[in-house]
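Asks: Read off the chains here:
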Amino acid sequence: MKPAPFDYSAPRSLEEALALLAEHGADAKVLAGGQSLLPLLHRRRLRPRLLVDLNRVSALQYIRADRDGIALGALARQSEAERSDLVYEIAPLIYEVLPRLGDVGIRNRGTLAGNLVYSDWGAQPAAVVVALAAGVRVAGPRGEREVSAAEFLRGWRLVSLEPDELVTEIRIPAPAPRTGHAWVDVADRHGDLPVVGAAAVVTLDPAGSCAAARLVFSGVAGAPFDAAGTSDLLGGGRPAPELFAAAGEQAAADADPVSDGRASAAYRRRLVRVLGARALARAAARAEEVLA
Amino acid sequence: MIATVIVNGRLHERDVEPRLTLADFLRDELGLYGTHVGCEEGACGACTVLLDGRSARSCLLFAVQADGAAVTTVEGLAPAPGALHPLQLAFRAHHGLQCGFCTPGFLLAAYELLRETRDVTDEQARGALSGILCRCTGYNGIVDAVRAADRAWER
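Chain order of the listed sequences is A and B.
All letters in the first sequence, in the order written, are residues 1 to 292 by my numbering.
All letters in the second sequence, in the order written, are residues 293 to 447 by my numbering.
Everything labelled a hint here was simulated from the structure, so no lab data went into it.
Note that the Cβ used here is the ideal one computed from N, Cα and C, for glycine as well.
It cannot be assumed that every hint is accurate.
Said to hold, decoys possible - Pair by pair, the computed Cβ-Cβ distance ranges are:
| no. | chain 1 | residue 1 | chain 2 | residue 2 | range |
| --- | --- | --- | --- | --- | --- |
| 1 | A | M1 | B | R346 | 37 to 47 Å |
| 2 | A | G143 | B | D320 | 41 to 51 Å |
| 3 | A | P163 | B | E309 | 21 to 31 Å |
| 4 | A | G236 | B | R346 | 45 to 55 Å |
| 5 | B | E305 | A | D7 | 13 to 23 Å |
| 6 | A | V290 | B | A362 | 36 to 46 Å |
| 7 | A | V290 | B | E408 | 41 to 51 Å |
| 8 | B | P371 | A | G155 | 46 to 56 Å |
| 9 | B | D320 | A | D188 | 26 to 36 Å |
| 10 | A | Y88 | B | P371 | 57 to 67 Å |
| 11 | B | A372 | A | G143 | 29 to 39 Å |
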């Protein structure tokens with residue numbers, strides 16, 4: 001399985017890369033980590049005429065703090081994020097799912113941005129960035145724009161990205177005080193895409209009641225499934241198993257899971273209910289640790 | 293396109309098509325057949341090499357991407373002809389291989405792990421090696437070998 005022939009360019013600046021994309025549009029494909037792209041090239045599912053290799057654009061290689069939280073450049077490797085104190089402190093959900101992605105060799109090359117662009121519907125990072133209310137910065141011939149992660153991730157390998165655009169940055173806002181995060185999933189093996197995964201973020205008020213919550217699932221549908229009623233349901237309530245179980249029930253009722261060779265819709269719905277409750281409970285417990 | 297790559301400390305310059313993977317470059321251009329091609333889609337890990345010191349799947353890299361970089365293959369582990377690296381000795385002593393197809397991948401992944409970690413626990417070893425598939429051994433011999441090398445390798 002070898003790729004169809006292509007031309008190759010390795011620009012050193014973002015401007016150069018954008019100029020190439022402006023000129024070639026859909027005939028070009030951007031190469032960053034390559035962990036999703038190369039299998040597609042090898043199988044000839046994609047046959048770009050030009051490969052634009054971003055790996056020498058040092059301006060995209062960063063993980064840094066800013067006023068609102070943290071920003072990861074498009075070429076920040078997953079393994080760098082895994083070792084980053086900033087990611088650990090500001091985006092613990094990302095820190096929690098990274099070791100579950102493939103293995104070390106994949107994470108040494110793979111990028112968070114690329115994982116989102118090629119987002120398989122089981123994939124953890126997509127659900128996590130929606131739960132974190134992350135922003136995705138995109139650049140192209142028509143300028144720069146920022147979209148929310150939820151707007152960016154529209155479906156199975158369907159993102160808000162034109163052929164002549166590329167992702168430059170993922171931005172993660174700093175969490176509110178007294179916030180806990182948790183990821184829970186079911187997967188066949190370590191490193192596999194989970195069947196269903198739940199990302200929970202719970203914020204407590206100073207008295208220890210739930211002030212806000214977010215619950216987002218992978219593996220339910222093409223795009224991450226945001227159980228939007230969770231925050232209202234939890235709001236003002238004391239953290240308790242019954243409360244989280246109710247939130248799990250509500251999420252399961254609101255979910256519209258698919259059936260496929262991996263799992264039936266009924267099983268996925270059950271996982272939404274159980275993993276949703278579990279993730280919320282764990283996130284609340286972690287928020288309570290922060291409170292203490 | 294010209295790719296100039298340092299492999300196991302030696303400089304090689306070749307004119308290659310951009311679509312030539314690093315795995316095929318190492319094997320077919322340089323005659324280094326220790327890097328094995330299993331799945332060509334990044335799932336099996338048999339093609340693992342070190343790129344500028346970090347493990348990577350050579351089937352998911354093009355040779356031209358390694359232009360100017362240093363690559364270590366399994367052939368680069370042995371310290372001298374006729375000698376074996378402590379990792380290789382441990383794999384032999386602890387039944388860490390049978391057919392040997394996955395072994396280069398495991399050796400380089402273990403090399404990376406042991407360079408960064410000491411007193412490796414069972415969990416750490418399994419976590420670090422989880423992405424490389426073995427159809428023969430059942431993995432326990434591999435884990436034993438890696439932990440034995442952790443103790444034996446002075447580094």
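Asks: Take the C-beta atom of D320 of chain B and the C-beta atom of D188 of chain A, compute their distance, and say whether it sits inside 26 to 36 Å.
Replies: holds (35 Å)
Asks: For the hint 45 to 55 Å, verify it against the beta carbon of G236 of chain A and that of R346 of chain B.
Replies: holds (48 Å)
Asks: Is 37 to 47 Å respected by the C-beta to C-beta distance linking M1 of chain A and R346 of chain B?
Replies: Check failed, 25 Å falls outside 37 to 47 Å.
Asks: Within 41 to 51 Å: is that where the Cβ-Cβ distance between V290 of chain A and E408 of chain B falls?
Replies: violated (30 Å)
Asks: Is the hinted range of 41 to 51 Å satisfied by the C-beta distance from G143 of chain A to D320 of chain B?
Replies: holds (44 Å)
Asks: Taking the beta carbons of E305 of chain B and D7 of chain A, is their distance inside 13 to 23 Å?
Replies: holds (20 Å)
Asks: Given the range 46 to 56 Å, decide if the beta-carbon distance of P371 of chain B to G155 of chain A lies inside it.
Replies: Holds: the Cβ-Cβ distance is about 52 Å, inside 46 to 56 Å.
Asks: Does 29 to 39 Å hold as the CB distance between A372 of chain B and G143 of chain A, or does it fail?
Replies: violated (58 Å)
Asks: How does the Cβ-Cβ distance of V290 of chain A and A362 of chain B compare with 36 to 46 Å: does it lie in that range?
Replies: Since the Cβ atoms of V290 of chain A and A362 of chain B sit about 44 Å apart, the hinted range of 36 to 46 Å holds.
Asks: Confirm or reject the claim that Y88 of chain A and P371 of chain B have a C-beta distance inside 57 to 67 Å.
Replies: violated (37 Å)
Asks: Using the beta carbons of P163 of chain A and E309 of chain B, state whether their distance is inside 21 to 31 Å or not.
Replies: Holds, since P163 of chain A and E309 of chain B (Cβ atoms, about 24 Å apart) stay within the stated range.
Comparing the model with each earlier hint shows violations of hints 1, 7, 10, 11; every other hint is respected.
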